[in-house]
Every structure is written in structure tokens, then in C-alpha cells.
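J.: Throw the hints in and build the complete structure from the sequences for me.
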Amino acid sequence: MSDRELEFALRDLGAHLDLPVTPPLAEQVATRLREAPERRPVMAPGRRRLPSRRWQRLAVAGLAVALLAAAVLVLSPGTREAVADLLGLRGIRIQIGGPRPTSTTPPSTEAGGVGASLGLGSRTTLDDARQRVKFPVRVPTAAGFDRPDAVYVDPDQPVDGRVDFVYRARQGLPASPYTEAGLLITQFRASVDLDYIKKLSNASEVEFLRVNGGDAFWFAQPHELAFIDRGGSFQQERVRLAGSTLIWVQGDVTYRLEGQVSREEAVRIASSMR
Amino acid sequence: MEGRPLDTEDDDQLVARAQRGEVHAYERLVRRHQDLAFRTAYLVTRSASDAEDAAQEGFVKAWHALDRFRPGAPFRPWLLAIVANEARNRARSARRQDDLSLRAAEDRPSGDAAPSPEAAALASERRKTLLAAVNRLSDSDREMLACRYFMELSEAETASVLGCRRGTVKSRTSRALGRLRAVLAEQGVVHTLWPATTEGVWGLKQRRDSPQSKKGGGE
Chain A
1 MSDRELEFAL RDLGAHLDLP VTPPLAEQVA TRLREAPERR PVMAPGRRRL PSRRWQRLAV
61 AGLAVALLAA AVLVLSPGTR EAVADLLGLR GIRIQIGGPR PTSTTPPSTE AGGVGASLGL
121 GSRTTLDDAR QRVKFPVRVP TAAGFDRPDA VYVDPDQPVD GRVDFVYRAR QGLPASPYTE
181 AGLLITQFRA SVDLDYIKKL SNASEVEFLR VNGGDAFWFA QPHELAFIDR GGSFQQERVR
241 LAGSTLIWVQ GDVTYRLEGQ VSREEAVRIA SSMR
Chain B
275 MEGRPLDTED DDQLVARAQR GEVHAYERLV RRHQDLAFRT AYLVTRSASD AEDAAQEGFV
335 KAWHALDRFR PGAPFRPWLL AIVANEARNR ARSARRQDDL SLRAAEDRPS GDAAPSPEAA
395 ALASERRKTL LAAVNRLSDS DREMLACRYF MELSEAETAS VLGCRRGTVK SRTSRALGRL
455 RAVLAEQGVV HTLWPATTEG VWGLKQRRDS PQSKKGGGE
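Protein chains in written order, with my numbering: chain A, 1 to 274; chain B, 275 to 493.
The hints are simulated quantities; they were obtained by calculation from the structure and are not laboratory data. For clarity, every value in this text was computed on a predicted model and none was experimentally measured. No residue lacks a Cβ here, since even glycine has one placed at the ideal position from N, Cα and C. Each hint should be verified, as a subset may be incorrect.
[What the hints assert, rightly or not] To give an idea of the interface, some chain B residues facing chain A are shown, with a C-beta separation under 10 Å as derived from the structure:
{"id": "1", "residue": "ARG306"}
{"id": "2", "residue": "VAL408"}
{"id": "3", "residue": "LEU454"}
[Unchecked claim] Chain B is nowhere near these chain A residues, computed Cβ spacing over 12 Å in every case:
{"id": "4", "residue": "LEU6"}
{"id": "5", "residue": "PHE8"}
{"id": "6", "residue": "VAL137"}
{"id": "7", "residue": "THR141"}
{"id": "8", "residue": "ASP146"}
{"id": "9", "residue": "ARG210"}
{"id": "10", "residue": "VAL249"}
T.: Pasting the structure below:
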């Protein structure tokens, strides 16, 4: 087994670990700081914490059992995750949206969780995603692809944010071996690192194409994408579905389509993005 | 209620505002980094409640130390170092630590279009084997691999988290990989863990100083 294989396998493993849901740290920390915001010398760090948090937890847990039984659907996604975590229900975690529990997460567009395990940021609506990233979001007009089954947004990573469309597997769109998703379309503002692409091309794994008048690259095999974001940092995208990938560049936005589709089908969908 | 604020400011701007005492700006910084901070703490403590304590305490300490933060320096490694330190203090006194485990295969049992059962089972078996081997490594080897591959931290961030010199990250990673391979071989795993899908996974080592580029370069 080569180093490369082992490293890849470790990254894949990392993406499948059962990690506990992040608690609402921002709220907890802000609460503590609002009680005592003034800076103190670091050498004598305060050990102040919310009074008897364990008791708080127990009380909340008691309350939560009742709530959970009666009204789980009424709770916001963030609260549901927090409650599930609190009760130690990790085995039946109620996971909605991305890994970032926050009570202000916009409502899901549908009940299903397609793509939820891909670590894509928070689940949202197309309109909301458009508002939260700093580049024009395009949508395929090809029949069957004009309405993604789920939209995810990460406003922070890379610099100007990223939007992902997930399509559930269906006839003609086989599921990835790892999730029920059949197709993933990602867009973000970045320039593709041509050196990197050229290195790949030495291994004759990449075909150079044109899509919508811009450069496009077709990878029949799963690959990882490296790109440079507007902040100048070198970023690495993980393989999500382990399918073939089409990458194309339009203006200063890079698009990536991943799934078990043919090159022709990928180009057809890509060309329909408006 | 306001919605979630549009994130138009980068870390530097938020840090500057937080340094002037704006709790709200700091709250946004925390929200931005809380996942990674919490995971870092969890991978060190392997206890969800210790990790929560460590991350919360770390964020509060970082706030109080903001005056000493050099403007323009990257915030994330600085923060992770503080959180990891809190986590290590708790890990030392911890009685019981979870073994890392895999998510249940059926996180979202929705009837339609599941992956082919054979493919899913095979992938899951591979991950189990690999994880069992990772769990048998020493804490320091496991933490190194977790930083580099599970959380995909840079060498500098890894050095901050583990409190070692940046120059030793490469060699320590390489040795941890070697020991992982030895454990796998002991278990009779000599076949490839990941057939036919690794071809594209490279090209980064020149740019991102991937640990594999220096094989066995340890002391």
C-alpha cells in the first residue's frame, strides 16, 4: 500500500468519523463575555464559567425529554442537535443542515437530508445562498437539473464562499458508493491552479475541454481539486462522491460537477448553467 | 430577530473589532471557528463534555489574550494552540476516553437510491479496519494523523496544536504512518485499502508539503 493510498484512506476515514455535534460555543462564549467583557491579564486567566453548568445541563435534559416526546418538530435544527447531544442520543443523531448548529439556520427546503453527510456547510435555500456568497450563483437549465434536491452554503470557505447543489440519485444518475447523492455541483470564486492540472495531465488523467467559452477539465477518475482562492491561499477540495468530475471556469468563478455521469452528460449539464 | 449576519468581514477585521472590545464581533469569530476548535479538542480529549469545556475555556482565554495577538497574523493557528492546550490539560486528568468510531452506516435511512449494498459494505469494512489500526497507535501518533488527515490542518497549525516545532511535523507524521502501516501488516492487511480511486490524489505535495514527500526522515 503506497503512502498516497494510505493518506487518501485516512482522509476518507476522517470524513466518516462519528464526531459529536459541536455545541453552541459562540452563544456560550458570548454569554460569558457579556457578563465580564473586560480584558484581564492572561497570566492569571480567570476560571470563571457559567455557574454549575452540569446542573444546568441536567435541568435542560429533563426538560428536553418532555419536549422531545411532545414537540421535536417544533424545535429549531440547532436546538434539536443540541438536545440530541445533550441526551447522549448520538446513535440516532438528528442531523439537519451542516455541521454548524445555529438557531438562525434558514429552514430546510425539504425534509430529506440528501448530502448532509458530505460536510458541505449549512443547508439552505437557493435565494439565501445567493445572498450569502459574493459571486453570481448559476443554476443548470437542463431538464431535471434545474431544481437541486438540496442547496448548501458555506459563506467562509473559501474567501468568497461556496455553494453546493446536491441531486439525489435516480434513474440515470447512480448513487455514489458513500451517500445517496448522485450528483454534486459546486461553485466558488477561485482560479484553478494550472500547474496542478498540468501535473495531473502528465498522468494522462485529464482531458482539456471548453465549456461556455472557458477552460474545462474532465477527470474520469476521482480526484482532489486544488485551487487558489481570492485571498491567495491554496485550498484543497475533497473527493465527495468518488465519481468522475468536470471542472470549468467562467469568469472568476470555478464550477465543479461530480458524479457517475458520462463526459457528454456532464458537459451538457454544465453548458446549461445560467 | 436579525438573521445570521452576512459574513463580509475577514478574520483580521473581526479580530480588530474584538480587540476594541466588541463581543459581537468575537462571537462571529467563534462561530466561524467553533467546529474546528471543538473537533480539535475532541480528538485530544476524546470526551464530548471535556472537549466542550476545553473549547469554551479556550475561546474565553483567547478573548482575554487578544491584546497580545499580533495584528495580521493568522488567527486560526493561534486559537487552535490555546484550545489544544486546554484540551491537553483535561485529557491528562481524564479517566475515560472514547475510542474513535465510525458514523452509523445508515445515518439517513431514506428509502430511495441507497448506494449499492456491496460497495457500501466494502467501504465500511475498509474504514473499520483502518480505524481499528489507528486506535491502536499511541496518543501522539494518533493526534498527529488526526491533525494532518482527519482535520487537514496545515503543518503550522498542526505544530501549534501539538505544541511541537514545525520542522518536526513532517518526520513525526512520516513515522506515524510507518507505524500505522506496521499495525495494518500485523493484522494481515497488505492489500490496498482503496482500490482504483487514488490516482488523482496527489500533486499537492509540492505545494502543500504533504508529509509523504519525506519518507522516514525521522530522527
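J.: Now tell me if each hint is right for this structure.
T.: A quick look at each hint next to the structure:
At its closest, the beta carbon of ARG306 (chain B) sits 6 Å from a beta carbon of chain A; the interface hint therefore holds under the 10 Å criterion. With 10 Å as the threshold, the beta carbon of VAL408 (chain B) comes within range of chain A, its nearest partner Cβ sitting at about 7 Å, so the hint holds. The restraint placing LEU454 (chain B) at the interface with chain A holds, with a minimum CB-CB distance near 7 Å, inside the 10 Å limit. Residue placement check: LEU6 (chain A) does not keep its beta carbon more than 12 Å from all beta carbons of chain B (closest about 6 Å).
Distance to chain B contradicts PHE8 (chain A) as a non-interface residue, since its nearest Cβ pair spans about 5 Å, not more than 12 Å. Every C-beta of chain B lies more than 12 Å from that of VAL137 (chain A), the closest at about 15 Å, which supports listing it as non-interface. No beta-carbon of chain B comes within 12 Å of the beta-carbon of THR141 (chain A); the shortest separation is about 24 Å. With a closest Cβ-Cβ approach of about 19 Å to chain B, ASP146 (chain A) is found to remain outside the 12 Å limit, as its non-interface label requires.
Annotated as non-interface, ARG210 (chain A) keeps its C-beta farther than 12 Å from every C-beta of chain B; the closest such distance is 21 Å. No beta-carbon of chain B is positioned within 12 Å of the beta-carbon of VAL249 (chain A); the least distance is around 18 Å.
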